[in-house]
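2 protein chains.
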Amino acid sequence: MKWCRFKYQNEINHGIIENNMIFPISGNPFSKYKKKEKPLTFEEIELLIPVYPKTFYAVGVNYMNHVKKMSELTGRVGTPPPAPDVGYRANNALIAHNKSIIIPEDATEKVQYEGELVVVIGKKAKNLNKENVFEHIFGYTIGNDVSERTWQANDRTLWRAKNSDTFKPMGPWIETNVDLENMITTIRVNNEIKDQFKTNDMIFGISEYIINITKYITLYPGDIIWMGTDEVPSNIKNGDVVDIEISGIGILSNPVIKQ
Amino acid sequence: MKWCRFKYQNEINHGIIENNMIFPISGNPFSKYKKKEKPLTFEEIELLIPVYPKTFYAVGVNYMNHVKKMSELTGRVGTPPPAPDVGYRANNALIAHNKSIIIPEDATEKVQYEGELVVVIGKKAKNLNKENVFEHIFGYTIGNDVSERTWQANDRTLWRAKNSDTFKPMGPWIETNVDLENMITTIRVNNEIKDQFKTNDMIFGISEYIINITKYITLYPGDIIWMGTDEVPSNIKNGDVVDIEISGIGILSNPVIKQ
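The listed protein sequences correspond, in order, to chains A and B.
Sequential numbering of the first sequence, starting at 1358, is according to this note's numbering.
Sequential numbering of the second sequence, starting at 1358, is according to this note's numbering.
In short, the hints are calculated from the structure, not lab data.
Careful, some of the hints might be misleading.
Since the list gives no way to pick out one identical chain from another, each pair is judged satisfied if it fits inside one copy or across any two copies.
[Said to hold, decoys possible] Computed cross-link-like contacts, DSSO-like style, restricted to lysine-lysine with a CA-CA straight-line distance of at most 30 Å:
id : residue 1 : residue 2
1  : K1572     : K1594
2  : K1391     : K1480
3  : K1364     : K1389
4  : K1555     : K1364
5  : K1359     : K1411
6  : K1359     : K1481
Since the model is a prediction, treat every value here as computed from it, not as a measurement.
With these hints in hand, go ahead and build the complete structure from the sequences.
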């Protein structure tokens, strides 16, 4: 099942996508809702980020191949993280499918995409275990963790390196039924494949992260966890279009504008 | 003017505090509102965190005295931050005045308070300058940036060190009119004064932080910025009560429970 969030005639609502049409709902996708009878077309609506999180979690380095290749590239030995410790990103930076990534005026040329699987929490969750983790997940969407590498290396925090306005495209919608083991993430810039990797080939899996987080932290419906990226991302520049495809979910596409 | 947020008969509302009574409003404190005629008493309501932020910003080290004394204490030379780079905290950890700080079972004894001034944004803000910063501030409240120092030193991120559930008491209300230059922060544990410092004696002031943030990031009404703490905080333990007082705002008081 595909869930989207959209604006139609100045009202924001959630909807269910079927046969390329959007069925608005009454109620709340995370609890009780009713599908309305009359669908809308994609032309009639403005697609928004599929969920607005209470808290925006992000995993750092989470793919072994990424650690190895980055080590070869930089000549510094990278080590995989010792524990599934989560980090944070900021809501101001979220933008929807098709909206522009705007590179700030004083950014260097080292602005890069990162294609990531995004987990959307469905139920209030504390102290989860292996048996009940997945029943607390609502679905999955796609994120582009745009990063300015010079700022990432030199600032004390990731505030502008990863959270400048428009640096967190997310969407286009949430897919509730996925086959994690058989998903492939493909990143294209201007229709050319740049990276491709097995989406679930993570150092710490979704289950390990959520179990660890909920030992200390309550997750809420609509919270999002971005799961990290593999391979070695490339620079993006004014005029590019970045597509992150995850098989079974869809394609998140965003043009790039340099300020 | 004092603004609070509260629950009354299962509904959440904002209110204006006058003569120790709460006047509920209709509308929104950040845009248009109307004060209702009939006030409520503090006994009738449950006080909530005074604002629920879209994004929760926090300044790290921001007082020179804190840098010096921490250096003496640890024998390592601490250096003040080179720029007003902001960090983040998580909404899950926020609790209201009088609610319990719950120390997780496996935390060490090094759980400490940090008494902080909290800035509440009032208007959407991008690219602010010295002339217009303060007109974008709605008011000020008080935060206790509870921190588990062992986790803070050893984890890759501050996720559980600073964002475990209940680790971010905030309140009791927002004061819109303050005299920043003459405010004193006083921290008491079980009514004994532990630390006292000039609230506005910051390395980078409120204005510098907001100007720097809004070069890259849009701030929204209700966003909060925690401004850091001075002195060397002490441990807190089961049964303690921590009061953070900032003159001109009020007292944020929270009991401590060890799980």
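Hints, verified against the model:
1. Proximity of K1572 to K1594 under the C-alpha cut-off of 30 Å is restricted to the inter-copy arrangement: shortest distance 20 Å between copies versus 41 Å within a copy.
2. Proximity of K1391 and K1480 under a CA criterion of 30 Å is satisfied intra-copy only: 18 Å inside one chain copy versus 35 Å between copies.
3. Taking identical chains as interchangeable, the C-alpha atoms of K1364 and K1389 lie at most 30 Å apart whether they share a chain (20 Å) or sit on different chains (23 Å).
4. Proximity of K1555 and K1364 under a CA criterion of 30 Å is satisfied in neither setting, with 33 Å inside one chain copy and 47 Å between copies.
5. For the homomeric pair K1359 and K1411, the shortest alpha-carbon distances inside one copy (21 Å) and between copies (26 Å) are both at most 30 Å.
6. In this assembly of identical chains, the alpha carbons of K1359 and K1481 lie at most 30 Å apart only when taken from the same copy (21 Å versus 32 Å across copies).
When each numbered hint is compared with the structure, a violation occurs for hint 4 only.
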